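Taken in order, these protein sequences are the chains called A and B. Be aware that the first sequence starts at 1, since it is given in the UniProt record's numbering, and climbs by one per residue. Be aware that the second sequence starts at 1, since it is given in the UniProt record's numbering, and climbs by one per residue.
Think of the hints as simulated: they come from the structure by calculation, not from any bench. Treat the numbers as computed from the prediction; the structure is a model and nothing was measured. Ideal Cβ placement from N, Cα and C applies to all residues, glycine included. One should not assume that every hint holds.
Stated by the list, open to error - Here's a subset of chain B near chain A, in silico, CB distances under 8 Å, partners left out:
1. LEU74
2. ARG94
3. LEU97
4. PRO111
5. VAL114
6. PRO126
7. PHE131
To be verified - Listing some non-contacts, in silico: residues in chain A with all C-beta distances to chain B over 12 Å:
8. ASP48
9. TRP55
10. LEU223
11. VAL244
Said to hold, decoys possible - Per label pair, the in silico range of CB-to-CB distance:
12. B:GLY86 with A:GLY249: 30 to 36 Å
13. B:ALA160 with A:GLY134: 47 to 53 Å
14. A:ALA17 with B:GLY129: 19 to 25 Å
15. B:GLY129 with A:MET126: 25 to 31 Å
This is what each chain is made of:
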Amino acid sequence: MSATTDVAPRPAAALVARRTRGRLLVVAATVAVLAVVVVASLALGVRDIDVATVWQALTHPVAGNVDHDVVRDQRVPRTLVGLAAGTALGIAGTLVQGVTRNPIADPGLLGLNSGASLAVVVAVSMLGVSSPLGFVWFAFAGTAAAALLVFSIGSGQPVKLALVGATVTALITPLITLVLLRDPEAFNMYRFWAVGSLTGRGMETITVLWPFVAVGVVLAGALAHRLSMLALGDDVASALGQRVGVTRGLAAVAVILLAGTATALAGPIALVGLAVPHAARRLVGTDYRWIVPLTAVLGPVMLLGADVIGRLVLPHSELEAGVVAAAIGAPVLVAVARGKTVAGV
Amino acid sequence: MTDVHRPAPAPARPAATREAAPDVTLRAHGVSLGYDGRRVIDGLDLELPAGSVTAIVGPNACGKSTLLRGLARLHPLDGGSVTLGGEDVGALSRKELAKRVGVLPQSSIAPDGVRVAELVARGRYPHQGWFGRHSSTDDGAVLRALEATGVADLADRPVAELSGGQRQRVWIAMVLAQETDIVLLDEPTTYLDLAHQVDLLDLLTELNRTHGTTVVMVLHELNLAARYADHLVVMSAGQVVAEGRPGDVLTAASVHAAFGLRARVVPDPVSGTPLVVPLGRTHDGATT
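Chain B on its own, in the form it takes in the complex (with noise of 0.2 Å):
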């Protein structure tokens, strides 16, 4: 393993960092979703490219949070199959399955008085038995993963007195202690302000490029999620719309077909991936 303190942005993969690597590509064939009969998502078929960050946006309700939790097996599939490097993710143990795939839900749940260590020691489960005992392997992963996560310094505090941008942080330690090779993450910059939106991306994106985790996340924030995905799929009504690198898929006429928004799209100043410039009924635009 390489330093972990001082996440070096180096643009490529450090193949040497993981011994065999296995394929984490995930893929969805023919999946169809839904809740109490109506469906939601009906015959999808995705991939998930491996060693990327891809970024899953699209309108409310669009299925995309329904579509991670099927991926994540938090939904049980109505039909069609998910596979992770071609293995039938249903076929695996649900503690088989957590050793390899780290989720983040939405509706994470931090008991009161619980300290950051504690909290992310507990993601350390799949790889216990019965009684939970603490290994030494243990202990190294939940370190290695408050240090990522810069919250190292902050072990001995209750989770609840952290600011909500720590919190998020402290949750994604937790997701790291597992040591899985992709992580899902279901709106993480959710309730958080624009600073720490922005922070908490580029944490991500440093773990993907320094550890070579696959990172999965539905985002709303269409700008942040042009800006930080190698791989972008936007979503309309249980159907993938378009998908592939931002700067292709990203247009007036996606955004429109997506959201029913009329949009310009401009290069982002700063780093030249699309950026989202809405109109609307009181700015047509014309007075640019």
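Just chain A, with the same shape it has in the complex (with noise of 0.2 Å):
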């Protein structure tokens, strides 16, 4: 280029470096958030405990005091499992809307959670599986199997996929249904996990289950660029150089980790894994290497606040992640769709 390109000022480079800032600013303002609300979770429900015992108690715990049990038995796991499903919820969400090019695709809509609660509840009502951690293996194996599933007939085309998810889980709800109506005992147990709660999940379940996570997020990151290009477009992304193939398949393995871990964590919970995607593309724009790391904190800020907020609504009880998480989605999905334009994916 001529000397043109070095005077003349540079609307490109400047705006790329004007949207750099504003990005940085609202994940920065998001992660202060979900340190917000840990400290909320870790402090706050039917017993409040004071700030300073709560650090007293992950630093000095002492043996009988009631309070730093709690913290350390109940709130903390709580804590971290609420951080650990909201995280692959919210990227799994990302990443499935991403493939599909589908703004209500969620891991649901893929058909992926009736999977983990038909493997669920046939542990439950056939095999006499009772402990969470019991449950864990097979919302996992129901979650990887239902994707396979659908990955698989669905050959990666976006209408496919989600017409393929929704017939999944047509098939499989009544099915559910049917074990569940003979078999209360199941019924009674399955519910519990099914409205999806952050509690009864020992240290040993998230011990087990964060490298899962941690691969997952890994490879959403490694695959965010190409999100981008699959954006415009199987055509486009081609025509770029990418093996479009390629980045469905990876973005599956992705989705099953996280789906799987999240699902089996937490339960089927709904509404995260679709408005949070929508909720950062609102705030950072189109670029899945935005889009991919701020869903990673806004999922947790969604689940966990969620989580929190339900520890306060009823005096001496509480209401389940689930419930409140769907409450708040809600909202948040229909302020997106009256936004001036629904930021599509």
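Using the hints, build the complex out of the two chains.
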């Protein structure tokens, strides 16, 4: 280029720099909100514990101190479950919307939640599994089986994927009902899992499952730039040198890891995976290199935040995170839908 | 590089603009293409001259878009091969191909909210690693592409807010940001009104004349194709029925052979290129 380039203002570069600053601010603010939510999750509940005591419980626990025991045995695992499941759900939703280019897609739409639910129902009713750690593997296997089925039949085509996902859900849902109707005891156990809750999962569950989330997060991060190209259409992505089949395949692996873990940890929670990517696009635009990291933070903000709110709304009792998340997620989606433009994928 | 701000309508390609420009002659050797076993093109041979503007025309469903997709490796070949400067395109990695051949398919999607500069910057993808770190080389390429297509002033605007003509310029800017010596475009003027069609074809001609970019495009509009193409390929039923200079190729006979349309071909009063004036059942040309 001639001297004109060097002298003239560089609108593209200036634009990129300006947007980068704005996006960094958004991510930083979201991280700050998450920090507040984490502290609240450790401190608030049926028994309110002040922050100093929480800190003490974490650093210098005193044996026999009830507050310390509550923090260490209940609130810490619960918070970690919220963080892991929230991150997993947020990113899984982003990946599913990205590869299907479908703004209403989430792991639930692809039939992954129903796959997990069926596996849990079978485990409870027919195999007599009753511990949360026992559910985990069945939920995981169910998610993976449904994902493999849907992705192989849907052969990576956005509309086919959604159709096959809906078909799988429609097939599985009555099967679940059928089993549960005949087995009230299993129904009793299942419904507490199915409502979506962060409680009752001990440290051992999170210890076993966090590596799956970690691998899924790393994979999603590596796929982010490819998803930005895929958003322009399969043909454009191919023309730009991307093997779209590879992108879809790796994204499917990441979705199985993330959605499988989230469902195993917290039950089939619907609206987080759907609402979080939309909110993220609203905040940072269409570049998946920003959307993916932001959803990793916004997911736990929403899920753990819902859990904390659920502890506060009822006196001496709690609402499950899944219920509150749905109540929060719906208005978020309505706000997105009522906006100037729906940020498509 | 020469100045891209005032594209001089230099008739010949300034050879000095590219250092050792690679041979970008695109050739189809016995290429067969189809959908689900249905053959659309069977054993087609074709050479697209480097440094020229080539237009591929033909009736609906004649296979012209399929051929372009086959050349661009967006559609798998059932048989034969495609070479670029003598090198088998099928042997290149997708990314390597994307560094050499720019393609604008028909089915492009601009995500809502994406801004012009962002979309154009995505054309740098083949030159970037997994995480897409943006280098100063990328910045330069994006800026040149924005300026060459006259959309630099729109860099900050959401693509969705632009007119159809502006939007198509932005897509072409994205392909130009790939910095390839050859670009393939599948019906780039679709959905544009006549003024914007002419504007876009002028733009592509300027790119060819000032940068030596080889342009290959599928076009619907015969008369514009005849005016803007150095090399015209007329297809029908999966076969090339005529190719060469528009003045030699576009005749009443070839139009009838390809389109089954009776027409009179007269010289374009502006450019002297052939102008196809269709006859029809209600206008048989008896009363000129």
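Any hints this thing doesn't respect? Which numbers, in order? Hint check: 10, 11 and 15 fail, others pass.
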